[in-house]
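Those protein sequence lines, which keep their order, are chains A and B. Going by the numbering used here, the first sequence opens with residue 29, and the numbers climb by one from there. Going by the numbering used here, the second sequence opens with residue 369, and the numbers climb by one from there.
Bear in mind the hints are in silico, worked out from the structure with no lab data behind them. No false leads were mixed into what you were given.
A short, non-exhaustive set of chain B residues, derived as facing chain A with CB atoms under 10 Å:
#: 1; residue: V378
#: 2; residue: A504
#: 3; residue: I637
Counterexamples of contact, computed for chain B against chain A with all Cβ distances above 12 Å:
#: 4; residue: Q413
#: 5; residue: R416
#: 6; residue: D417
#: 7; residue: L436
#: 8; residue: G441
#: 9; residue: S446
#: 10; residue: V471
#: 11; residue: T534
#: 12; residue: L576
#: 13; residue: K588
Derived coverage of chain A by chain B (criterion: at least 3 residues anywhere in the stretch with Cβ under 8 Å from a Cβ of chain B; other residues may be distant):
#: 14; stretch: 170-182
#: 15; stretch: 251-264
#: 16; stretch: 280-290
#: 17; stretch: 299-306
All C-beta atoms, glycine included, are put in the ideal place defined by N, C-alpha and C.
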Amino acid sequence: MKEDKTVTSTPAPTPARLAMRSLRRNRAAMMGLVIVLAFSLAAALAPLLGLPDPYGASLVHALESPSREHPFGRDELGRDLLSRVVYGARISLTLGLIAMAIGGLVGVPVGALSGYYGGRFDLIVQRLVDILLAFPGTLLAIVVVTILGVGLDNVMIAIGIASIPTYVRLARGSVLSVKEIGYVAAARAVGGGDRRIVFRHILPNCLGPLIVQSTFQIATAILWAAGLGFLGLGAQAPTPEWGTMLSRGRLYMRVAPHLTAYPGLAIFAVVLGFNLLGDGLRDALDPRLRKV
Amino acid sequence: MKRLLLAIPVLFGVSVLVFAMIRLIPGCPAVAMAGVHADAEFIEQVRRDLGLDRGLPEQYAMFLGDLLRGDLGRSTFSGRPVLREVAERFPRTAELTLASMGVATAVGVAAGIISATRQYSALDNLGMVAALAGVAMPVFWLGLMLQLLFSVELGWLPATGRGTVTHLILPALTLGAASAGIVARMTRSSMLEVLRQDFIVTARSKGLAERVVVYRHALKNAMIPVVTIVGLQVGTLLGGAVLTETVFAWPGLGRLLVGAILARDYPVIQGGVLLLTVTFVMVNLAVDLFYVYLDPRIRYVSPRGEA
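Produce the entire structure from the sequences given, and follow the hints as far as they go.
Dropping the structure here:
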């Protein structure tokens with residue numbers, strides 16, 4: 029950093045710019061970004077793509093194999109599968125984002141305050157998190173779905189709630205690691221209130237790990253929601269949700285494997301995309317790895 | 369011993385949550401259980417059976433008392449004691465989970481070592497791409513695709529059911545794949561870290577064979593984070609077992625649970641969730657104790673030794 033300032037006349041690169049530079053050089057991460065962007069664009073522009081109606085049944089053409097007019101073929105009710113997969117991207121991406129937002133909006137403030145104040149509040153929060161983390165994997169989401177009832181909205185909420193403990197831990201850890209740095213003491217010395225210090229001074233400096241986690245969290249949410257859909261606990265029948273489509277399609281697996289192949293590939297691709305991007309962001313945002 | 373004591377409040381909390389579960393259902397759980405078409409008398413009976421007519425602390429005391437005596441109530445669907453229902457299926461889920469844990473550990477550690485000792489080689493790249501793919505693959509979809517390939521197309525392995533060892537192969541591969549990927553990545557990074565350390569340089573300069581350096585010196589030291597990951601993966605595996613069992617018609621706890629959720633059979637849901645969660649807690653406890661064997665420097669002296 030010091031050499032930079034003396035040798036060049038350009039301003040010292042900001043951490044964000046350094047991270048972007050490292051991210052752009054990472055081929056795997058760029059591939060992830062392209063996949064994520066492609067799915068997001070398809071999802072956002074779905075109605076403008078001139079696709080057939082994803083709900084338009086045509087029983088005469090049921091289970092038709094992929095053809096030029098219907099590149100992914102047709103499903104058990106003769107609906108265009110490509111169109112359903114594209115509309116499925118809308119559902120899955122929205123769901124992933126909202127579930128992530130629920131987890132983050134609850135988990136981060138709780139974790140941050142827990143780390144900042146410490147003491148009894150921290151102790152209670154951490155024991156509660158221990159209990160939630162004691163539930164294996166998707167089981168916590170299944171418990172919440174049991175309470176709220178089956179359906180897409182409830183799955184979104186369930187997965188969001190199930191991801192809260194991860195955010196609490198992460199935010200707490202990040203806050204603990206920056207809390208003792210001089211600038212926080214400085215902020216306190218000039219009379220900053222606790223809330224202002226946590227949300228204006230500490231949290232912005234913990235953004236890196238939170239961004240990384242959120243990228244992975246979207247992937248997890250999409251994967252879990254598809255799983256719950258597959259079990260019949262998520263989106264219900266006509267909704268073009270990937271997991272639900274798979275569970276219908278598996279009944280025709282022997283005669284029409286395209287019904288299971290394409291929705292599965294879509295889940296796989298989008299989850300892979302977010303994971304690649306997350307890996308890249310971690311490498312880019314973690315200053316300990318940057319020197320390597 | 370102190371680890372064991374720490375698990376008690378967690379288990380206590382889990383029991384409160386499982387208890388609270390059916391009481392948090394919007395509306396009256398008795399109505400939800402009896403069904404909308406049930407008459408008032410039946411609903412009242414369900415309410416009384418569940419003890420919902422009493423105060424919450426009393427209900428919880430009853431729940432806990434029953435629990436400690438091994439009484440998990442009766443299935444509202446089959447009428448059989450929940451304990452018997454879950455006890456019958458638990459070994460099957462344990463069998464599947466253990467088999468996939470074996471797959472995940474064997475494949476993951478082997479791939480991780482190969483990748484780490486040949487960093488940036490084609491083999492390393494291939495392994496890490498496969499690991500990433502394994503993690504991103506929806507477990508139920510992988511199961512369906514394996515069924516399509518090995519049962520429908522090739523006819524080598526049975527697609528569904530349980531019985532012989534051949535029935536176990538596809539479900540175990542399916543369930544273990546994602547964890548194998550995670551274990552492989554962790555083994556690789558952990559091995560790379562250890563291989564860079566001074567004592568490895570020393571071991572090499574003593575003229576020890578590379579094989580001895582890698583397996584005797586590096587591996588054991590690299591295993592601690594790997595063991596942690598494997599322990600945490602048990603949670604993923606137990607959760608994923610629900611999906612895998614559905615795909616392969618494996619008559620385990622996961623399928624019981626899904627059926628119970630769809631049938632609103634709350635006592636069975638409670639029993640299943642409780643059993644799976646307690647198993648996970650116990651496994652993590654065992655993992656904590658295993659560290660001491662791997663690294664004698666770790667001693668659980670302070671009651672809050674964890675970070």
